[in-house]
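J.: Protein chains in written order, with the numbering used here: chain A, 1 to 422; chain B, 1 to 422.
No lab work stands behind these hints, which were simulated from the structure alone.
Cβ coordinates follow ideal geometry from the N, Cα and C atoms, glycine included.
One thing to keep in mind: the hints can contain errors.
[As the list claims (entries may be wrong)] Here are the computed distance ranges between Cβ atoms for each label pair:
no.	chain 1	residue 1	chain 2	residue 2	range
1	A	Arg13	B	Ser107	15 to 23 Å
2	A	Ala422	B	Ala210	44 to 52 Å
3	A	Pro156	B	Asp221	24 to 32 Å
4	B	Tyr169	A	Asp209	56 to 64 Å
5	B	Ala422	A	Pro156	54 to 62 Å
6	B	Arg8	A	Asp209	57 to 65 Å
7	A	Arg164	B	Tyr169	45 to 53 Å
8	A	Gln391	B	Ala79	27 to 35 Å
9	A	Glu9	B	Asp12	56 to 64 Å
[Said to hold, decoys possible] Listing some non-contacts, in silico: residues in chain A with all C-beta distances to chain B over 10 Å:
no.	residue
10	Asp163
11	Asp180
12	Ala398
Read off the chains here:
Protein chains: 2
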Amino acid sequence: MWRNTKDRELRDRAAEVIPGGMYGHQSTAMMPEGFPQFFTGAKGTRITDADGNEYIDYMCAYGPNLLGYQQPDVMRAVAEQQGRIDASTGPSPLIVDLAEAMVGMISHADWAMFCKNGADATMMALMIARAYRDKRKVLVARNAYHGSMPWNTPRPAGVVAEDRAHLIYFDYNDTQSLADAAKQAGDDLAGIFAAPFRHDTFADQSLPDAEYARTARRIADEYDALLIVDDVRAGLRLCRDCSWETVGVRPDLSAWGKVLGNGQPISALVGNNRARAAASRIFVTGSFWFAAVPMAAAIETLRIVRESDYLERLTAIGEQFRAGLAAQAVEFGFGLRQTGPAATPMVLFEDDPDFRLGYGFCREAMTRGVYMSPYHNMFMNAAMTETDVAQTLEATGAAFEAIKKSRASLKPSPVLAALMEA
Amino acid sequence: MWRNTKDRELRDRAAEVIPGGMYGHQSTAMMPEGFPQFFTGAKGTRITDADGNEYIDYMCAYGPNLLGYQQPDVMRAVAEQQGRIDASTGPSPLIVDLAEAMVGMISHADWAMFCKNGADATMMALMIARAYRDKRKVLVARNAYHGSMPWNTPRPAGVVAEDRAHLIYFDYNDTQSLADAAKQAGDDLAGIFAAPFRHDTFADQSLPDAEYARTARRIADEYDALLIVDDVRAGLRLCRDCSWETVGVRPDLSAWGKVLGNGQPISALVGNNRARAAASRIFVTGSFWFAAVPMAAAIETLRIVRESDYLERLTAIGEQFRAGLAAQAVEFGFGLRQTGPAATPMVLFEDDPDFRLGYGFCREAMTRGVYMSPYHNMFMNAAMTETDVAQTLEATGAAFEAIKKSRASLKPSPVLAALMEA
Chain A
1 MWRNTKDREL RDRAAEVIPG GMYGHQSTAM MPEGFPQFFT GAKGTRITDA DGNEYIDYMC
61 AYGPNLLGYQ QPDVMRAVAE QQGRIDASTG PSPLIVDLAE AMVGMISHAD WAMFCKNGAD
121 ATMMALMIAR AYRDKRKVLV ARNAYHGSMP WNTPRPAGVV AEDRAHLIYF DYNDTQSLAD
181 AAKQAGDDLA GIFAAPFRHD TFADQSLPDA EYARTARRIA DEYDALLIVD DVRAGLRLCR
241 DCSWETVGVR PDLSAWGKVL GNGQPISALV GNNRARAAAS RIFVTGSFWF AAVPMAAAIE
301 TLRIVRESDY LERLTAIGEQ FRAGLAAQAV EFGFGLRQTG PAATPMVLFE DDPDFRLGYG
361 FCREAMTRGV YMSPYHNMFM NAAMTETDVA QTLEATGAAF EAIKKSRASL KPSPVLAALM
421 EA
Chain B
1 MWRNTKDREL RDRAAEVIPG GMYGHQSTAM MPEGFPQFFT GAKGTRITDA DGNEYIDYMC
61 AYGPNLLGYQ QPDVMRAVAE QQGRIDASTG PSPLIVDLAE AMVGMISHAD WAMFCKNGAD
121 ATMMALMIAR AYRDKRKVLV ARNAYHGSMP WNTPRPAGVV AEDRAHLIYF DYNDTQSLAD
181 AAKQAGDDLA GIFAAPFRHD TFADQSLPDA EYARTARRIA DEYDALLIVD DVRAGLRLCR
241 DCSWETVGVR PDLSAWGKVL GNGQPISALV GNNRARAAAS RIFVTGSFWF AAVPMAAAIE
301 TLRIVRESDY LERLTAIGEQ FRAGLAAQAV EFGFGLRQTG PAATPMVLFE DDPDFRLGYG
361 FCREAMTRGV YMSPYHNMFM NAAMTETDVA QTLEATGAAF EAIKKSRASL KPSPVLAALM
421 EA
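All chains, please: the whole structure from these sequences, using the hints.
T.: As structure tokens, this is what we get:
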């Protein structure tokens with residue numbers, strides 16, 4: 001029996017000592033009512049909330065969980081390294097091993113730098129693009145998320161106009177819009193940020209059009225600017241290389257994070273020799289950027305990526321999940337839009353402008369042990385099995401049935417409604 | 001017998017796959033010749049380099065090592081938490097426990113937010129100051145380091161003028177300079193960044209003048225702006241509270257990092273109720289900000305901070321170290337300037353404009369098993385004992401003797417000389 005007594009008690013305490021009760025992407029403020037805010041366990045494919053409810057987790061820590069929580073090989077590498085050295089007065093030799101591993105796997109990469117947040121990597125990309133030829137303008141797809149620094153955070157509070165003075169926005173997958181933006185930048189064009197595919201919240205996903213990707217490459221070359229792929233969210237879920245290898249286009253820089261250490265805190269920027277001198281000129285650093293333990297985790301994660309069929313498995317499971325949901329939607333008379341890669345599924349309801357169907361559906365699935373998001377792309381992991389999908393579909397089938405019955409009385413999320421009005 | 005064969009081999013490999021061979025504050029580019037770049041062990045007070053040379057480490061990972069590397073209580077908390085949950089789809093209850101612990105210990109704090117880099121915390125402070133009354137200007141002490149984001153990184157590459165458009169610089173400890181800067185900002189003054197004490201590289205440290213600190217507080221109040229203390233570097237080494245409690249001045253916000261989890265990756269911004277609404281309006285987040293393991297480490301570190309005499313011990317050891325060096329300097333005929341708190345000692349030579357004495361001295365100490373910096377403040381940790389200091393002074397005595405002999409032939413560091421010319 002699902003319950004949330006302890007979660008509510010924790011929320012009351014959190015409201016006293018954390019602004020707004022919680023912050024950032026893991027705040028449940030925008031999630032359907034009753035979604036748990038606090039978790040006490042994560043193993044394999046499952047998370048357990050503070051009240052002891054267990055869920056099959058389709059958010060995978062918003063990405064990092066690639067191989068299953070507490071994957072034994074990765075955790076063994078972590079424990080062994082912890083007994084040697086972690087954060088210290090200098091890096092360990094693992095930073096060289098890991099840089100070599102990434103250069104060996106990522107086709108466009110000749111070098112790597114490591115950091116903690118995905119936003120550290122995108123910030124470094126921004127700085128390197130500007131340092132490259134001492135130019136300033138950077139093209140960014142409208143609404144694309146590249147981290148919560150002032151230059152890109154989706155909310156205006158605390159941001160000044162100058163933080164975005166040299167950004168020019170274009171529409172994703174629109175070659176004309178991209179070309180126009182480049183023309184506007186002219187001889188001040190420093191770089192082009194390209195999401196590997198469009199994965200904005202509350203919107204269908206779009207895979208990159210190959211012609212659009214090639215245009216981005218051509219414009220970067222013509223203007224002597226750097227092409228950047230932000231692979232923080234999608235990296236290693238589409239292929240064992242930079243995600244734009246799937247469309248045959250190589251960037252100068254790509255930003256990595258989330259999955260790199262299967263949940264251990266590490267992110268990276270990799271680049272080609274064209275960008276190397278600029279990369280060596282910027283000064284970027286962080287207290288924990290050289291810590292050895294997350295690098296040991298990353299080296300082991302990348303070994304598994306190279307040597308196992310993790311990608312084929314999580315893709316196949318993603319396709320089963322998608323097909324099962326599609327069949328259930330038909331059965332219960334709902335239209336679903338399932339977009340983007342099967343490894344990072346986005347599930348939105350047709351004829352659901354205020355998302356009340358999606359919210360109702362996810363809430364019903366949640367109380368039945370399946371954790372899904374009604375507005376953010378989800379993530380598959382390689383520990384998921386056919387049994388997990390079967391158990392998931394049992395819950396989602398019941399969820400479809402429940403919202404079919406309650407459809408007339410479903411209401412939009414008040415938080416979301418307020419946000420959409422603003 | 002000190003040797004560096006393996007370090008040099010690793011440097012050769014690193015030069016291929018890491019821009020400039022290494023980056024950030026842990027690059028040895030500016031250190032004396034031969035300083036090891038790579039380390040394979042860190043335990044208690046000691047670090048071991050890739051060639052097996054062991055050092056008493058006076059850099060303490062540039063701060064994080066407060067209680068000794070691999071402190072057993074902290075590592076037990078880490079191991080236990082790793083078996084439950086770390087980075088996942090939501091925070092664990094530990095985020096509430098840790099926020100309560102910080103609010104309970106830091107006098108000015110009513111709330112806390114957690115992140116990864118010290119620069120995340122200072123960036124959040126900058127954004128909250130601007131969100132507070134929708135004003136823009138921020139006062140920053142000239143040459144003060146608050147992280148390597150474009151608004152503050154010490155090198156110009158990759159930075160555009162707009163990144164610093166609304167910063168106004170003043171001289172540390174100079175109340176007139178601070179008042180002039182505030183007047184310049186006028187009714188657009190959002191915040192004042194105050195280092196807890198002046199700890200710029202290559203310069204003597206200065207403790208804050210109480211009158212200067214009170215003036216900063218008064219100006220913030222008069223202009224309805226937020227006063228920020230950046231305690232990332234000094235936090236918990238001066239007192240068990242915000243460092244400005246030592247001068248009786250309470251900021252609105254303080255930034256924490258480094259020591260918080262005794263080396264586990266976590267930083268924090270804490271604030272008072274005046275700043276709470278603004279803090280809840282900004283959108284800031286990171287993939288690993290809600291991870292539970294570093295929070296478990298921080299909770300245990302703070303417990304030790306509250307319940308042990310760690311602070312008195314590391315301060316006493318710092319004073320012994322300082323007194324021993326001072327006596328040796330006199331003995332061997334050198335003038336030393338030892339400035340700032342004993343817990344974060346800065347050691348510079350008199351009559352050493354190009355730092356050749358300091359570099360020579362640190363190199364001699366290093367090859368004798370003591371790792372010191374000739375240009376950056378050092379850090380004491382609570383695992384250090386009188387025996388460590390005695391062993392240190394044996395090495396430094398020999399180092400003074402060696403540079404007394406070689407004084408005429410010492411040369412300035414070519415990297416540093418190039419930097420000072422630029």
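J.: If a hint holds in the structure, say so; if it doesn't, say that too.
T.: Cross-check of the supplied hints:
no., hint, in the structure
1, A/Arg13 x B/Ser107: 15 to 23 Å, "holds (20 Å)"
2, A/Ala422 x B/Ala210: 44 to 52 Å, "holds (45 Å)"
3, A/Pro156 x B/Asp221: 24 to 32 Å, "holds (26 Å)"
4, B/Tyr169 x A/Asp209: 56 to 64 Å, "violated (47 Å)"
5, B/Ala422 x A/Pro156: 54 to 62 Å, "violated (38 Å)"
6, B/Arg8 x A/Asp209: 57 to 65 Å, "violated (49 Å)"
7, A/Arg164 x B/Tyr169: 45 to 53 Å, "violated (23 Å)"
8, A/Gln391 x B/Ala79: 27 to 35 Å, "holds (31 Å)"
9, A/Glu9 x B/Asp12: 56 to 64 Å, "holds (57 Å)"
10, Asp163, "violated (7 Å)"
11, Asp180, "holds (22 Å)"
12, Ala398, "holds (21 Å)"
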